[in-house]
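Visitor: Sequence:
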Amino acid sequence: MDRFDLIVIGGGMGGYGTAIYAAKQNLKTLLIEKNKLGGTCLNRGCIPAKVYLESIHRFTELNDLSKFGINIKSEQIIEDLFEIDLEKLRVRKERIVQALVSGVERLLTSSGVTVIKGIAELSSDKIVTVEKSQEFTAENIIIATGSEPFELSQFKFDGKLILSSNDALDLKFIPAKLAIIGGGAIGCEFAEIYSGLGSDVTIFEMMPKILPTLDTGIVKRFTPILKKKGIKILTGTKIDKVEKSTNTVLLKYGDESDTFDSVLVSIGRRVNLNGVPDEVAKTDSGLIKVNGKMETNLPGIFAVGDVTGVQMLAHSAVAQGQVVIHNLINNSDLEFKPEHVPFVVYTSPEVAGVGYSEETARELFGEIKTGNFTFRSLGRAMAEEEVNGLVKVIGKDNKILGVHIFGKSAGEIIHSAVPFIANNIKIDQVFKTVFAHPTLAESVKEAFEDFLGLAIHTISKRR
1 MDRFDLIVIG
11 GGMGGYGTAI
21 YAAKQNLKTL
31 LIEKNKLGGT
41 CLNRGCIPAK
51 VYLESIHRFT
61 ELNDLSKFGI
71 NIKSEQIIED
81 LFEIDLEKLR
91 VRKERIVQAL
101 VSGVERLLTS
111 SGVTVIKGIA
121 ELSSDKIVTV
131 EKSQEFTAEN
141 IIIATGSEPF
151 ELSQFKFDGK
161 LILSSNDALD
171 LKFIPAKLAI
181 IGGGAIGCEF
191 AEIYSGLGSD
201 VTIFEMMPKI
211 LPTLDTGIVK
221 RFTPILKKKG
231 IKILTGTKID
241 KVEKSTNTVL
251 LKYGDESDTF
261 DSVLVSIGRR
271 VNLNGVPDEV
281 AKTDSGLIKV
291 NGKMETNLPG
301 IFAVGDVTGV
311 QMLAHSAVAQ
321 GQVVIHNLIN
331 NSDLEFKPEH
341 VPFVVYTSPE
351 VAGVGYSEET
361 ARELFGEIKT
371 GNFTFRSLGR
381 AMAEEEVNGL
391 VKVIGKDNKI
401 LGVHIFGKSA
411 GEIIHSAVPF
421 IANNIKIDQV
431 FKTVFAHPTL
441 AESVKEAFED
451 FLGLAIHTIS
461 KRR
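In this text, residue positions in the sequence shown follow my numbering: the first is 1, and each later residue adds one.
If you're looking for bench data, these hints aren't it; they were derived computationally from the structure. Source: prediction; values computed, not measured. One or more of the hints may lead you astray.
[Claimed, not checked] Here are the simulated DSS-like pairs of lysine-lysine, each with C-alpha atoms no more than 27 Å apart in a straight line:
1. LYS24 to LYS34
2. LYS160 to LYS117
3. LYS232 to LYS156
4. LYS238 to LYS156
5. LYS229 to LYS252
6. LYS24 to LYS117
7. LYS172 to LYS209
8. LYS156 to LYS126
9. LYS293 to LYS337
10. LYS28 to LYS67
11. LYS36 to LYS93
12. LYS220 to LYS369
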């Protein structure tokens with residue numbers, strides 16, 4: 001039986017990132033992956049979706065050239081000049097994904113990580129069996145087995161009428177009329193992709209708003225933008241009945257009904273627990289139970305990423321793995337802080353945030369205060385014709401509780417606020433920082449200044 005210092009089960013971003021981080025610190029590391037390295041994010045999630053979204057955004061921008069004083073020297077309307085080539089989109093996606101997968105393989109090899117392909121079975125005494133033939137053991141084992149799209153009994157995936165997010169990323173066909181069940185980040189991103197490709201899209205969301213976990217004030221500004229793109233949004237709506245025919249799906253909801261060519265189910269993900277011993281404690285919802293150090297109830301066995309449900313974000317999984325390795329190497333008690341991790345919804349404009357929403361902050365901390373700054377007051381935003389945007393700062397006394405952004409490049413701009421929260425920087429200290437002008441990012445500084453009642457480019461009430 002081969003012995004290692006560390007065994008990581010699962011080669012997604014959290015798994016391979018943790019394995020490389022451990023090997024770079026001289027831990028003899030084994031990584032076991034049953035499918036493709038890179039996991040969901042690289043192969044069937046984040047990266048493919050962003051490749052498609054970028055093409056859609058570029059295509060959409062062609063219709064806005066006249067705003068910038070650029071005219072087409074042709075009598076043809078611009079829609080006749082350009083078209084989207086689905087096959088080229090798929091080829092481009094595959095090329096980018098394969099390049100990244102190959103890069104991960106090289107990184108693992110160069111770092112000295114041993115990689116084995118196969119299905120792993122873990123026992124509570126820390127013996128890992130691969131394909132029922134090879135056995136390995138280690139003092140410490142990390143479960144990073146990820147998740148799959150959640151399937152509802154009335155919406156069984158068939159790849160044509162009922163689509164999972166995996167199916168939707170194949171772009172085998174573009175339904176004329178598409179229903180998306182679930183208005184979270186994934187649902188909104190797919191709505192933008194398929195709407196941009198020509199589908200008539202309707203989002204069904206049971207909660208009172210789309211992006212249910214995000215700051216309400218930000219979502220209220222974002223929702224009309226989606227609607228303006230022709231995406232129909234039905235919130236507070238539950239599907240009561242599903243009737244499938246040969247080529248269509250009839251959805252009944254309340255007193256209404258509608259027929260669609262395909263239905264994309266985007267209501268969350270189901271964790272992969274195959275090969276995880278029963279002795280590993282689970283939550284009531286079936287997730288692996290961990291503490292802030294990502295420890296399970298069994299000594300030496302940890303879990304990171306989607307299987308914990310702490311945050312189903314690829315970068316969170318990497319950060320959680322780094323917490324585990326840091327503590328093993330340094331014999332320390334570092335804990336993962338979800339409130340320090342940013343999120344991004346990659347629509348156009350984007351939505352991003354870090355820390356608590358205004359609603360959650362009020363529940364946890366009572367009386368709070370906010371600062372706001374709109375992109376309409378930004379010279380750079382006006383030059384780019386991107387004035388639909390807002391930065392909101394949430395705080396109590398001098399402490400930053402959250403920063404949320406809606407607008408162009410929000411996913412990049414948010415990282416100017418992440419270090420403030422992660423390092424417990426006080427609001428009056430942010431006031432002393434200088435942001436370049438003209439930029440979109442200076443909206444963050446202005447929002448903090450508004451929190452203090454000192455914003456230069458905000459009209460203030462007389463005191």
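Visitor: Holds or violated: are the alpha carbons of LYS36 and LYS93 at most 27 Å from each other?
Guide: holds (16 Å)
Visitor: Check whether the Cα positions of LYS229 and LYS252 lie no farther apart than 27 Å.
Guide: holds (24 Å)
Visitor: Is LYS160 close enough to LYS117, meaning Cα to Cα at most 27 Å?
Guide: violated (31 Å)
Visitor: Are the Cα atoms of LYS172 and LYS209 separated by 27 Å or less?
Guide: violated (30 Å)
Visitor: Does the alpha-carbon distance linking LYS238 and LYS156 stay inside the 27 Å limit?
Guide: The hint holds at about 17 Å.
Visitor: Would you mind confirming whether the straight-line C-alpha gap from LYS24 to LYS117 stays at or under 27 Å?
Guide: Between LYS24 and LYS117 the Cα gap is close to 21 Å, so the pair holds against 27 Å.
Visitor: Is LYS293 within 27 Å of LYS337, Cα to Cα?
Guide: holds (10 Å)
Visitor: Given the hint that LYS232 pairs with LYS156, does the C-alpha gap stay at or below 27 Å?
Guide: holds (24 Å)
Visitor: Can the restraint linking LYS24 and LYS34 be considered satisfied, given a maximum Cα separation of 27 Å?
Guide: Distance ~23 Å between LYS24 and LYS34 Cα, so the pair holds.
Visitor: Does the alpha-carbon distance linking LYS28 and LYS67 stay inside the 27 Å limit?
Guide: Violated, because 58 Å separates the two Cα atoms, which is more than 27 Å.
Visitor: Hey, LYS220 versus LYS369, does the alpha-carbon distance stay inside 27 Å?
Guide: Between LYS220 and LYS369 the Cα gap is close to 19 Å, so the pair holds against 27 Å.
Visitor: Take the C-alpha atoms of LYS156 and LYS126, compute the straight-line distance between them, and say whether it is at most 27 Å.
Guide: At roughly 36 Å apart (the allowed maximum being 27 Å), LYS126 and LYS156 break the hint.
Of the hints listed earlier, those the structure fails to meet are numbers 2, 7, 8 and 10, in rising order.
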